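S.K.: Please model the entire structure based on the sequences and the hints provided.
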Amino acid sequence: MSSLIKNELTKIFKKKSIYITLFVVLAFVILTNCIYKFFFTTGNSYGYSDSYISYIKEELARLDPTKPSDTTMYIDLKSELETYELMQKYDEDAWQRQIIASQLTGDISEKNTYLYSSEKDEAKAQEIENNINAILKKLDSDDWKYFANQDLEKATQTLNSLEEQKANTQDKQLLGELEVAIENAKIDKEVAEYRINQDIKYGTDYLNEALTSYQSYSLNLIQMGNVDNLEYEDKLQYNESLEEKEISKYIIENKQDINKRNDTRGILKNFFSEYGLFIIVIIVMIAGTIVSEEFNKGTVKLLLIKPYSRAKILLSKYITILIMTVFAIAIILLMELVVGGIVFGFDSLSVPVLEYNFNTSQLEIINIFTYVGIEILTQLPMIILLATLAFALSTIFTNSALAITISLLGFMSPSIINALVIQYKVGFMKYFVTMNWDLSGYLFGSLPSMEGMTMGFSIVMCLIYLFVMLIPTFIIFKKKNIKNI
Amino acid sequence: MENILECKNLCKTFGKKQILHKVSFEIKKGDILGFIGPNGAGKTTTIKLILGLQSITNGKVLINGYDVEKEFTKAIEKVGAIVENPDMYMYMSGYDNLKLVANMYKGITIKRIDEVVKLVKLENRINDKVSKYSLGMRQRLGIAQAILHNPNLLILDEPTNGLDPEGIKEMRELLVDLAKKEEMAILISSHNLAELDNFCNKICIIKNGEIIETNEITAIKKDIEHQQFIVEIDNTKDIKKLYSEATIVNDKIFKISMKKENVPNLVVNLVNNNIKIYEIKEDEKSLEDAFFERTGGNVIE
Numbered sequence: 001m002s003s004l005i006k007n008e009l010t011k012i013f014k015k016k017s018i019y020i021t022l023f024v025v026l027a028f029v030i031l032t033n034c035i036y037k038f039f040f041t042t043g044n045s046y047g048y049s050d051s052y053i054s055y056i057k058e059e060l061a062r063l064d065p066t067k068p069s070d071t072t073m074y075i076d077l078k079s080e081l082e083t084y085e086l087m088q089k090y091d092e093d094a095w096q097r098q099i100i101a102s103q104l105t106g107d108i109s110e111k112n113t114y115l116y117s118s119e120k121d122e123a124k125a126q127e128i129e130n131n132i133n134a135i136l137k138k139l140d141s142d143d144w145k146y147f148a149n150q151d152l153e154k155a156t157q158t159l160n161s162l163e164e165q166k167a168n169t170q171d172k173q174l175l176g177e178l179e180v181a182i183e184n185a186k187i188d189k190e191v192a193e194y195r196i197n198q199d200i201k202y203g204t205d206y207l208n209e210a211l212t213s214y215q216s217y218s219l220n221l222i223q224m225g226n227v228d229n230l231e232y233e234d235k236l237q238y239n240e241s242l243e244e245k246e247i248s249k250y251i252i253e254n255k256q257d258i259n260k261r262n263d264t265r266g267i268l269k270n271f272f273s274e275y276g277l278f279i280i281v282i283i284v285m286i287a288g289t290i291v292s293e294e295f296n297k298g299t300v301k302l303l304l305i306k307p308y309s310r311a312k313i314l315l316s317k318y319i320t321i322l323i324m325t326v327f328a329i330a331i332i333l334l335m336e337l338v339v340g341g342i343v344f345g346f347d348s349l350s351v352p353v354l355e356y357n358f359n360t361s362q363l364e365i366i367n368i369f370t371y372v373g374i375e376i377l378t379q380l381p382m383i384i385l386l387a388t389l390a391f392a393l394s395t396i397f398t399n400s401a402l403a404i405t406i407s408l409l410g411f412m413s414p415s416i417i418n419a420l421v422i423q424y425k426v427g428f429m430k431y432f433v434t435m436n437w438d439l440s441g442y443l444f445g446s447l448p449s450m451e452g453m454t455m456g457f458s459i460v461m462c463l464i465y466l467f468v469m470l471i472p473t474f475i476i477f478k479k480k481n482i483k484n485i
Numbered sequence: 001m002e003n004i005l006e007c008k009n010l011c012k013t014f015g016k017k018q019i020l021h022k023v024s025f026e027i028k029k030g031d032i033l034g035f036i037g038p039n040g041a042g043k044t045t046t047i048k049l050i051l052g053l054q055s056i057t058n059g060k061v062l063i064n065g066y067d068v069e070k071e072f073t074k075a076i077e078k079v080g081a082i083v084e085n086p087d088m089y090m091y092m093s094g095y096d097n098l099k100l101v102a103n104m105y106k107g108i109t110i111k112r113i114d115e116v117v118k119l120v121k122l123e124n125r126i127n128d129k130v131s132k133y134s135l136g137m138r139q140r141l142g143i144a145q146a147i148l149h150n151p152n153l154l155i156l157d158e159p160t161n162g163l164d165p166e167g168i169k170e171m172r173e174l175l176v177d178l179a180k181k182e183e184m185a186i187l188i189s190s191h192n193l194a195e196l197d198n199f200c201n202k203i204c205i206i207k208n209g210e211i212i213e214t215n216e217i218t219a220i221k222k223d224i225e226h227q228q229f230i231v232e233i234d235n236t237k238d239i240k241k242l243y244s245e246a247t248i249v250n251d252k253i254f255k256i257s258m259k260k261e262n263v264p265n266l267v268v269n270l271v272n273n274n275i276k277i278y279e280i281k282e283d284e285k286s287l288e289d290a291f292f293e294r295t296g297g298n299v300i301e
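For the record, the sequence lines run as chains A and B. According to our numbering, the residues represented by the first sequence are 1 to 485, in order. According to our numbering, the residues represented by the second sequence are 1 to 301, in order.
Wrong hints could be hidden among the right ones.
To be verified - Only part of the chain B face toward chain A is listed, based on derived beta-carbon distances under 10 angstroms:
#1 G59
#2 Y105
#3 T109
Unchecked claim - If you want the footprint, here are the derived chain A segments under chain B, 3+ residues with CB under 8 angstroms:
#4 8-18
#5 299-312
Hint data in this document are derived by calculation from the structure and do not stem from the laboratory. Note that this is a predicted model, so its numbers are computed, not measured. We put the beta carbon where it would ideally sit given N, CA and C, even for glycine.
M.R.: In C-alpha cells, the structure reads:
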C-alpha cells in the first residue's frame with residue numbers, strides 16, 4: 001500500500017503542471033503582499049483628491065453667486081474649497097484635519113451662506129469668521145487636548161440637560177425616547193473620557209478607528225437592549241457587536257493594532273479568504289485528474305493488472321489526495337511566511353489574535369500560528385469534501401474537466417446559497433452540505449448561523465456526505481469494465 | 001505438463017450483444033500461443049477478461065491454478081501484459097516508468113531493471129522521456145515492464161501493431177529470445193497469422209467471438225494446403241465450364257485454388273481448350289486470409 005502511495009506521489013511530482021501551478025500561486029502571493037505593502041490605505045483619511053479640487057475651482061470660476069440658480073451650488077463648492085485649503089496647512093495624517101472636518105465645515109458653510117445668499121448679513125459672517133479663526137489658533141498651538149476636553153464638556157452638558165428633561169416629564173413616550181438619548185449621551189461622554197485617559201490624539205490611525213468602532217458598537221448594543229428578548233438573527237448581531245466592542249477596547253487599552261491587515265500577520269490571519277481559492281484549485285486539480293487521467297491515457301490497464309485489489313489502488317489514490325491537501329496548505333503557508341517576511345518583516349507575528357469567548361465572556365488572546373492552525377482545522381471539512389467530490393466525479397465519469405469544474409463551482413456557490421438560506425430561514429437546509437462544512441462559526445461559544453446547529457451535528461453531516469460520495473465511488477471503480485481506450 | 005493459463009467457456013455480453021461465445025483454450029509452460037483473428041473478433045476482449053480488466057459474464061479463467069475473479073491478486077502476480085497499446089506515463093523517462101512498476105512488486109532490484117533494459121535493447125534511450133520514443137521503442141518498453149517481475153505468463157495484445165517490417169522482425173527475435181531465456185508461456189494476439197507462424201508453436205483462431213480452431217501450428221499449415229493461383233488468359237468466359245470452382249475476376253483474369261502439383265495439369269487442360277495463357281502466379285495473400293476464405297469471412301456484428 002505504501003509503495004502505491006509512493007508511486008502516486010511520484011506521478012504527481014513528475015508532472016510539470018504542479019510546478020506551473022505552484023509558480024503561479026507564488027506569483028499571486030508576492031502580488032498580494034506587494035499590493036498590501038504599497039497600495040493599501042485604510043480609506044478614511046480627511047481631505048480631497050487633487051482632481052476633485054481642480055473640478056471645484058473650474059466650477060467656481062464658471063458659477064455666478066449673484067444668479068439665484070447658482071447660489072446654493074456656489075456656496076457648497078466654495079465651502080468645500082475653503083475647508084480643503086485649511087486642511088492643506090497640516091500633514092495628511094495630522095490630528096487637526098479631523099477637527100476641521102468635524103467642527104469647522106458647518107461654520108464655513110454658514111459663513112458663506114451669509115456672504116453670498118439672498119439674505120446677506122456681513123456682520124454675522126464676520127462673527128463666524130472670528131469664531132473660526134479662534135479655533136484655527138487653537139489648532140496651530142497643537143493642543144488637541146483642548147478639543148478633547150471640549151468634547152467631554154459638551155457631552156456632559158448634553159447628558160445633564162437630558163437628565164433634567166427626564167426628571168420633568170411625565171409623557172411615557174417621550175420618557176422612552178429620552179432614556180435612549182441619555183444612553184447615547186453617556187456613550188459620547190465615555191468615549192470622550194476614554195480619549196483623554198488613553199491619550200489618543202485625533203486623526204485616522206488605528207486607535208481612532210478603534211475608538212469609533214467602540215462607540216458605534218456600544219450604541220448598537222444599547223439599541224438592541226436585553227439580549228434574551230432578541231430574535232435569533234438579532235442575537236447574532238448582538239454577539240458580533242459585543243465581540244467588536246471588546247476587541248476595540250483591547251486595542252485602545254493595549255495600543256496594539258489587532259485589526260491591521262497590511263502586514264505578515266494580517267495576511268496570515270485572513271489566510272483562507274486570501275489564499276483559500278489557491279488551496280482548493282491545487283487540490284481539486286490533483287483529485288480531479290488522479291483517476292480519470294489514468295483512464296484517458298490508458299495507463300489504468302497497467303495499474304489494474306498488478307497484484308493489488310482495485311479497492312487498494314483507489315484507496316491509495318485517495319490517501320495521496322489527503323497527503324497533497326496537507327502539502328498544498330503547508331506550502332502556501334510557507335510561501336506567505338517567506339514572502340510576507342521579506343516584504344513586511346516578521347515583527348508583526350508577535351501580535352496576537354483576539355477572539356471573544358462567549359462561554360466565559362472574556363477575550364481569548366491567541367498566538368497567530370495557533371490561530372491559523374485552528375482556522376485550517378475548521379476549514380478542513382470543506383477542503384476534504386470538495387477534494388472528495390472531485391475524486392468521486394473523476395472516478396465515476398473519468399472526465400477531469402467535469403470533476404474540476406463542478407468542484408470549483410461547489411467552492412464558489414455556497415457564499416450565495418448560505419446567505420439566502422440564513423436570510424429566509426430555510427430550515428431543512430441545515431442538512432445541506434455547504435451549511436455544515438465550515439466549522440469556524442462554532443468556536444469560542446459563538447452562535448451558529450442557524451438556530452439549533454452544533455459542531456457535532458455539522459461534523460456528523462460532513463461525515464455522512466463524505467461516505468455518500470466515497471462508497472459508490474469505490475463500488476463503481478471495483479465493477480468498472482475497462483473499455484477500449 | 002501443467003496449464004499456466006486455462007480459459008473455460010468464457011462468455012461476455014455487453015447489454016444484449018454477446019461478444020464472446022464459450023471461448024476455451026489453454027497454455028502450457030513453454031508454449032507460445034498465437035491468438036489470431038480479424039479486427040473485432042474478440043481478441044482484446046478475451047485478453048481483458050483473462051487479466052480481470054472486464055467482468056466475466058460466464059465461464060472461468062485460471063492462471064497458475066488461481067481463479068482470476070476469486071483470487072485476483074494471486075492469479076495476476078506472475079502475469080505480465082501489454083493490452084492494446086503500450087501505454088506508459090509519457091511525461092516520465094522510460095527508467096522512471098520501470099521503477100514505478102518495480103515498486104509494485106516485491107524484490108525487484110535495480111540490477112534486474114538494468115538487466116531487462118539491456119534485454120529489450122533500450123539502454124541508450126532509457127533516460128529519455130517516453131514522449132520522445134518511437135512506437136517501436138514504446139513497444140519494447142512495454143515488454144520490459146511486462147517481464148520485469150519474472151512472470152511465467154506473458155500476454156501481448158498485438159505487439160506488432162504499427163511496427164515496420166524491421167520492427168516486427170526485431171520484436172519476433174526478442175520474444176523468441178525471452179521464451180527461451182526466461183521460460184515463459186506467451187499468449188500473443190495478432191490479426192496477421194503470417195507474422196506469427198514462424199515462432200508460435202500453437203495457434204488459436206477466433207472469429208465473431210468464437211474459437212474456430214485451436215491446434216499445433218504444423219497441423220494448421222497442413223490444413224491450408226490449397227493455395228490460390230491467379231491466371232491471366234485471353235478470355236475467361238468459358239472457364240466456368242472447365243472449372244466450376246474458379247472465381248472470375250475480370251474477362252482476362254480468374255482465380256483458382258488447388259494444390260501446387262496440379263498446376264501443370266491446369267496448363268495442359270487450358271492449352272488443350274485453345275486458351276492462351278499469359279501468366280500464372282501464386283496469390284500472395286497471407287495464410288489466414290486463405291484460412292478465413294475457407295471458413296467464410298469474419299463479419300463484425
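S.K.: The structure should be examined with respect to each hint, and the outcome stated for every one.
M.R.: Going down the list of hints, with the structure as the test:
no.	hint	result
1	G59	violated, 16 angstroms
2	Y105	holds, 7 angstroms
3	T109	violated, 15 angstroms
4	8-18	holds (count 5)
5	299-312	holds (count 9)
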